[in-house]
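Below are the chains, spelled out letter by letter.
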Amino acid sequence: MAEKVIVCKELTKRFGDFYAVNKISFEVNKGEIFGFLGANGAGKTTAMRILCGLSHPSSGEAQVAGYDVYQQAESIKKNIGYMSQKFSLYENLTVAENIEFFGGVYRVPAAEIEERSDALLQKLGLTGEAKKLVGALPLGWKQKLAFSVAIFHRPRIVFLDEPTGGVDPVTRRQFWDMIYEAAASGITVFVTTHYMDEAEYCDRVTIMVDGKVEALDAPSRLKAQFNANNMDEVFYQLARGAKRSGD
Amino acid sequence: MSVLRYLLKKEFRQIFRDKTILAMMFAMPTVQLIILPLAMNFDVKQVNLAVVDNDHSSYSRQMVNTIVASGYFRMVAAAPSFPAALQYIEREKADLVLEIPAGFERNLVREGQQKVGISIDAINGTKAAIGGNYLLTAIGDFNKDLPVNTNARVAPAAGLIDLTWSNWYNPLAIYKFYVVPAVLVLLLTLIGGFMSALNIVREKEVGTIEQINVTPIRKWEFILGKLIPFWLMGLIVFTLGLLVAWGVYGIWPVGSFALLYLFAAIYLVALLGFGLLVSTYTSNQLQAMFVAFFFMMIFMLMSGLFTSVDSMPPWARLIANLTPITHFIKIMRMIVLKGSGFVDVQREFGYLVVFALILNGWAILNYRKTS
Chain D
1 MAEKVIVCKE LTKRFGDFYA VNKISFEVNK GEIFGFLGAN GAGKTTAMRI
51 LCGLSHPSSG EAQVAGYDVY QQAESIKKNI GYMSQKFSLY ENLTVAENIE
101 FFGGVYRVPA AEIEERSDAL LQKLGLTGEA KKLVGALPLG WKQKLAFSVA
151 IFHRPRIVFL DEPTGGVDPV TRRQFWDMIY EAAASGITVF VTTHYMDEAE
201 YCDRVTIMVD GKVEALDAPS RLKAQFNANN MDEVFYQLAR GAKRSGD
Chain Z
248 MSVLRYLLKK EFRQIFRDKT ILAMMFAMPT VQLIILPLAM NFDVKQVNLA
298 VVDNDHSSYS RQMVNTIVAS GYFRMVAAAP SFPAALQYIE REKADLVLEI
348 PAGFERNLVR EGQQKVGISI DAINGTKAAI GGNYLLTAIG DFNKDLPVNT
398 NARVAPAAGL IDLTWSNWYN PLAIYKFYVV PAVLVLLLTL IGGFMSALNI
448 VREKEVGTIE QINVTPIRKW EFILGKLIPF WLMGLIVFTL GLLVAWGVYG
498 IWPVGSFALL YLFAAIYLVA LLGFGLLVST YTSNQLQAMF VAFFFMMIFM
548 LMSGLFTSVD SMPPWARLIA NLTPITHFIK IMRMIVLKGS GFVDVQREFG
598 YLVVFALILN GWAILNYRKT S
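Protein chains in written order, with this note's numbering: chain D, 1 to 247; chain Z, 248 to 618.
If you are wondering where the hints come from, they were derived from the structure by calculation, not from laboratory data.
Don't take every hint at face value.
[Stated by the list, open to error] Partial selection, computed: residues in chain Z whose CB lies under 8 Å from chain D:
id	residue
1	Ser249
2	Gln261
3	Lys266
4	Glu352
5	Thr617
Heads up, the beta-carbon is just placed ideally off N, CA and C, and yes, glycines get one too.
Just chain D, with the same shape it has in the complex:
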């Protein structure tokens, strides 16, 4: 059996009497690309925030990279990368300064930062833009840069919260190439999305409806199970019963 890097048991997050996340259980294997699907408001982001140590669960259990989310949130943080829905690099710092800063706070040695930073800029084709403010870059480049920064310190798991929102199809494709590359290097990828074509790229997907996990399997098995031609149909069959909608 593959090594489990994320283990969730009956994880719940309650705000008053609203169950944002309602007893979800799943396991994620090392090196896997794990898709987390759901309509707006289904509880994807809340679940992800708990796993990243940004939010305390109300009940249930969860371990990330072998650490408990209740007791060892700070140890989890050393082992993960995170890219939020909101663009979260510093817009008033340059490309190079952002890389240096995030490399530094994850305690990557200075010499290493420089070396990796050069390689990264070259790979992204941003060498000429290193001294440009991030705020001046087109969205697609920003997203690719944010992803690269999130895995710059070589974390064991990277959490991506709707990373390709508002990005053009070509860039999205390139983005997924980068995700594959990261997964191939051994980084587990946990990604939320509501683009169903992207769901097809995942090794396994979870579909959340109203705070609960309604389906969890490889895309091909889910299609067979729901007798559907594509993930879009699977998702539609599950999500149309949802009571919550909108953001």
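Model the placement of chain Z on the given structure of chain D, informed by the hints.
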């Protein structure tokens, strides 16, 4: 320690990149220190006086001359009657009406006494009170020199108590000496309080704080990374303010610079703690601005900048003592004007240290990486 270095580097880069804020940080103290003390001049000159002389005698003219010659009054009208003179007050042309009754000279000579009427426009309380006092003094001077009094064969019933006084530490009682150190404190407060509160809330608003919270940066590293740059900026602004006070007003601290900076340093820590605290309770810049403004207004009005804390009612004095700015203004005045040493201000030192500890401690407790 190395994480802190990266945080500081980032913070300074951001501060120096925003030229507007940088310019404001330095323009604000310079310009405001030049303008505010001039406007906040409570020395009363040019009190407008309307005179109703019902006597038209040489004594009454002599008295009016004495008053005008004192230099504090400007005679705007010689009105024929009291109602006519009151019109000047109503139209805000005059601040004071002096009414000399008919038979002024006769009564003075024959009976040795006479009353005059003074009506004061009390809308501008300060000007009225001070102007009224000046007028009494001027009339007193006139009275003293009257032949009835000087030629009197009998000595005055009781020995007159003559007062002489001198103003210590501010010999000429120049208001700006009183105001400039306080305005400097005010500017430091505004810059320190607002900048730190807004800066951190901005990270919340933009979403970068979440990125910070998901990193292994420790709480104290993040907070120090925010406080140190603004603390340094505050000390630079303070230095600039002292230079302006010296260059423009010729105010050079009488007391020790080391002591002055020691207090400024602690005061800034307290203040940045306040900004940090505001930022932990608010979620966007508008909220932070309002909350900070609410407290700043109270701080300013209760601080003894405009009014003396000692003459406040007990409840107000309590509030005043609970605001750090009150103590720092007091310290500044004592060190800059009076040259007080540490022993003289150790009570205030204690206050500031307690404020710094409480505000920062509270802020650190309330700052959460995980919600």
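Exercise for review: Would you pick out the hints that fail for this structure and give their numbers low to high?
Suggested key: 3 and 4
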